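Colleague: The lines below spell out each chain.
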Amino acid sequence: MTLSFVDYLILALYFVFVLGIGWLVKKRVSTSEDFLTSGRSVPVWITSLAFIAANLGAQEVIGMCASGAKYGIMTAHFYWLGAIPAMLFIGVFMMPFYYGSRARSVPEYLKLRFDEKTRTLNALTFAVMTIFSSGISMYALGLLFELVLGWSFSASVLLSAAIVLVYTFLGGLTSAIYNEVVQFFLIVLGFTPLSILAVAKAGGWRGMASHLAPVMTHTWRYIGNASQNPMGVDAFGMVAGLGFVLSFGYWCTDFLVVQRALAAHDMSAARRTPIIAAFPKMFMPFIVIVPGIAALALMKMNIGYTLPPKGASFDYDQTLTTLMAQFYPSGMLGLGLTALMASFMSGMAGNVTAFNTVFTYDIYQSYLRPNAPDQHYLWVARLTTIVGVALSVGSAYLASLYNNIMDLLQLVFSFVNAPLFATFLLGMFWKRCTGHAAFTGLLAGTAAAATTHGLTLAEGKGGWIVPLHEFPSTMAQNFWIAIFAWTICFIVTILVSLMTKRKPDSALRDLVYGLTDLKHEDVSWHQRPVTLAFIVGGLVIALNVIFW
Amino acid sequence: MSDLRVTIGLLFLLLGGILCGLGLVEPGLRAPLTEVNVNLYAGAAIVVFSGVMLWLGKRQS
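If you read the sequences in order, they're chains A and B. Here the numbering used here is used: the first residue of the first sequence is 1, the next is one more, and so on. Here the numbering used here is used: the first residue of the second sequence is 1001, the next is one more, and so on.
Since the hints were made in silico from the structure, they are not lab data. Fair warning: this is a prediction, and the values are worked out from it, not measured in the lab. Please note: incorrect hints may appear among the correct ones.
[Stated by the list, open to error] In silico negatives: residues of chain B with every beta carbon more than 10 Å from chain A:
(1) Ala1031
(2) Leu1054
(3) Trp1055
(4) Lys1058
(5) Arg1059
[Unchecked claim] Partial list, computed: chain B residues near chain A (C-beta under 8 Å):
(6) Leu1004
(7) Val1006
(8) Pro1032
(9) Thr1034
(10) Val1038
(11) Ala1042
(12) Ile1046
Virtual Cβ for every residue (Gly too), placed ideally from N, Cα, C.
Only chain B is shown next, with the shape it has when bound in the complex (with noise of 0.2 Å):
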């Protein structure tokens, strides 16, 4: 099995890409309480913890 940190990052950009997928494509999606694009910037924010786990994982390999 490759690093533990590439597995969880694969996971990560995979699950942040769907909601940023979702949050571009019904950009006008809101829970009752909620005025932002949550899945938009939750998505984002997914991504670029993706992006540090691969970037660690790869550095390590």
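Only chain A is shown next, with the shape it has when bound in the complex (with noise of 0.2 Å):
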């Protein structure tokens, strides 16, 4: 793939104007608040689609057009089954202890709700968890730039490294969330007209599915029987496993998004948020997954495209850029790399901003240095912003030295993040429940994760205490792991909460159901949480029905 003149234009043009946001949101950074949190004072527009652009990271978007081709429109259970739901309950049933509680950050609602211990433990693994995703997901597009464009992957690396840390480190949160608005709606502008040309082009949705396997257009129908479908799961798992630990586990309680709802101007706003991100994160299939499907079906055609091969099957990891290589002229070949270049983007920032807040709010301000005027920790938040990129930088370079090494770690984290949501749900819900349980809870889950994957074997993984069991792919172990991560956290904080002293009353004020005083909102019925849940639930339901 060459790149033109205008094509390098586009690109640069849009690096001018997210530094030029920076620029101009620096002015509105006085305090260490406004430059973590924004203040509170972000409308609902704009937090709702940052909520969703900081997940729409470069791994994703790529991730999910060869997911696409790989196990066909199943895919989207990631969306309509593993996102929206979660998404509908922080907002509906969450986002009022959150937001209520005036805590700047997940962890530190932690440390209101239970202890310093257990905010501790969810600070350091989420502060590391976030370095290394952001590396990662640096490392994969500095790969992929090299492969495609022949760009070197230290210039790509550093260049976009570069600029993310020009933009947060000016206007911290807002400037980061002002970026994720653009670049969302350069992820959607630059990918829909690939989507749109590709499955024209393979006949549209009857086309494709003439060509293809009937299992690669149904989400439900081939679910019953795991080895019917592709992704070896079954409807137990995957509803319990992804619709329910892993998707709420993440959702409900990673910081990263938590952070962009927690950044709106009031409660009411706070709530909506994620729900309002749920319109367009429902038909965010269309552009990411359906393209992938439409490659398949294209390659059945023999018409030209097909997929570089790797090792027996196929690199699936280029479906996006073959397909924009093949259907894209200079010009927009410009605009869908930069919105590829955009989606990488968002989710850097969106690594940077929530490690700086929990740096310098749960571990700086609350061991190194308590007390200390505010200018000082809005120099701390900056520095750690310079810090935060230079070390996704560094893991990046690790991850391209030695890959093991972050295939264990993506291991361990997601041990880690398995039982999350258990202790969250009890925390926010069942005023009994103490600290000494849920970080007991928390490490009993975390280490059930870990046996469970030593007993299992799947595609050659696990099994390295005794292989008991095998399941028919990595997806299925995932989900299990999850599954018994999350009972297992829950029953061992159900039995240590009954076994310690409860904090009273008057200290969980705002922070659990049955002490936090929910006002009612008066407000138009398009405001409303609920209503609008209801209409996001409706045409999720309709849309899993009409890809049944």
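Could you use the hints to bring the two separately framed chains together as a complex?
Modeller: Structure representation (structure tokens):
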């Protein structure tokens, strides 16, 4: 793939704009809260789009397109089942406690609700994980640009990191959020034409279906038995593992996304943020997954499109870029690559702004130097932004040198994350739940996850204790690891709570259901979270029925 | 900083304008698997989107 002058011009214009936004919002930053929490003043349509854009990193876009080619429309479960219900749940049920507690971060909520050790466990694992996931995504992007465009790995990694650094350093969270909105529109406008062109070429949805096995164009029909679908997952594993444990664990507890809602200007806007975000989110599969399915159909049609081979199969990660090369002429190609770059930057800026907030408030202010003047924390936050970007770049190079270490790290983090939602669910809705119990439950859940991995085997992975059971796919294994981790955490937290001393009601006000004064919101129907959630829910059910 | 919608509108007006211009100057430009003038149509759609953003932003202020 070669780029022409106009493609570079489009990319350069985008860079100028993102830096310009950083420079323009710089004036708004005078305290550490302005920098790290946007001073809780951002309009709801902006926080909503930032809420999904921060999650819409390059790995997500490239990975979902690849999964579309590999698994078909079943991949949409990651949206319709694995995201929307959790986004509605956090908006309707959890946001009153996050926002109402005035906590500046998710770990800080844990400190207020439970105790210092639970906060620290969450803050430390989150901080390390954020840096590594940002590094891994940077590595993936650098590799792809090297492969497809022939750009040097270092050049694309360093240039994109430098731009993210400049705009997050200047304008903090506000700058990151504003840019995420720009990036969201770029992703939609840059990838939609690709979806339309690829699907049209493959003869529309019916034409595609006629070239593919029926399992590729149905979401639920072949899920009764794990051996009948390419994901190797059955309905229970899918609904309980992805739809409940993993999805709620990410969308309802991960500070990267929750931070966007906390930046909203009032409680009502914070609650509506994830629910409004669910509207565009449910249609994303048509932009990122459907082109992958079309790519597979085009390959079967023998009209000159094919994926590069990889081993005995294909290099699915190149689905998106090979489609662009075949369907985008110079000009539109520049916009498509700019959209890819934008998706990478939105993901990375999300990680960096979440990292600097957790480090500054939950680690530095609570352990290293409490009670300093606010200007000191603003200075620390800015410095942490630089350190965060530098560490991300470092881990990108680490990933390029030792791929196995990164796989191991991701595995360990998946163990740590799996039980999280059990802790939050009990913490928010059961006032008897204690700090000792939350902490023990999290450790027990993580241990249960590791044990499940050690006792089961899938595609040659796991089984390092004794392989007692074999799953048809690593995806099924991951879902079941999550289910076991969640269940153990849930049970242990309840048992230990009953044995330990609970906090008095007065210390739990605005933190727990039953002790929080939930005001009736006097707003028109289209601003009510519950009404909006019902509309979203109805639309998602309709999508599932259409693609059944 | 003015309304974010105005900023977004301006960026996409510029990008859409470039694509439209390219589509008009080089109407024969094609990718291997396309038969239509992708730059012109996509550019026009983006210009329309930028118009909506600018209108929404202006109306607010």
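Colleague: Determine for every hint whether it applies to the structure shown.
Modeller: Now the hints, each set against the structure:
1. The non-interface label for Ala1031 of chain B is inconsistent with chain A: the shortest C-beta to C-beta separation is roughly 5 Å, within 10 Å.
2. Here Leu1054 of chain B stays apart from chain A, with its beta-carbon at least about 13 Å from theirs, past the 10 Å limit.
3. With 10 Å as the threshold on Cβ separation, the claim that Trp1055 of chain B sits away from chain A holds: the shortest Cβ distance comes to roughly 15 Å.
4. For Lys1058 of chain B, the requirement that its beta carbon stay farther than 10 Å from each beta carbon of chain A is met, with the minimum near 16 Å.
5. Against the 10 Å criterion, Arg1059 of chain B stays outside the reach of chain A, whose nearest CB is about 14 Å from its own CB.
6. Because the smallest distance between the Cβ of Leu1004 of chain B and any Cβ of chain A comes to about 6 Å, under 8 Å, the interface hint for this residue holds.
7. The restraint placing Val1006 of chain B at the interface with chain A is violated, with a minimum CB-CB distance near 11 Å, outside the 8 Å limit.
8. With 8 Å as the threshold, the beta carbon of Pro1032 of chain B comes within range of chain A, its nearest partner Cβ sitting at about 5 Å, so the hint holds.
9. Restraint check, Thr1034 of chain B versus chain A: the minimum CB separation of about 6 Å is within 8 Å; hint holds.
10. Given hint, Val1038 of chain B at the interface with chain A, holds; its Cβ is 5 Å from that chain's nearest Cβ, closer than 8 Å.
11. For the restraint placing Ala1042 of chain B at the interface with chain A, the shortest Cβ-Cβ distance is roughly 5 Å, inside the 8 Å limit, so the hint holds.
12. Hint status for Ile1046 of chain B relative to chain A: holds, with the closest Cβ pair at about 6 Å, below 8 Å.
Hint violations for this structure: numbers 1, 7, all remaining hints satisfied.
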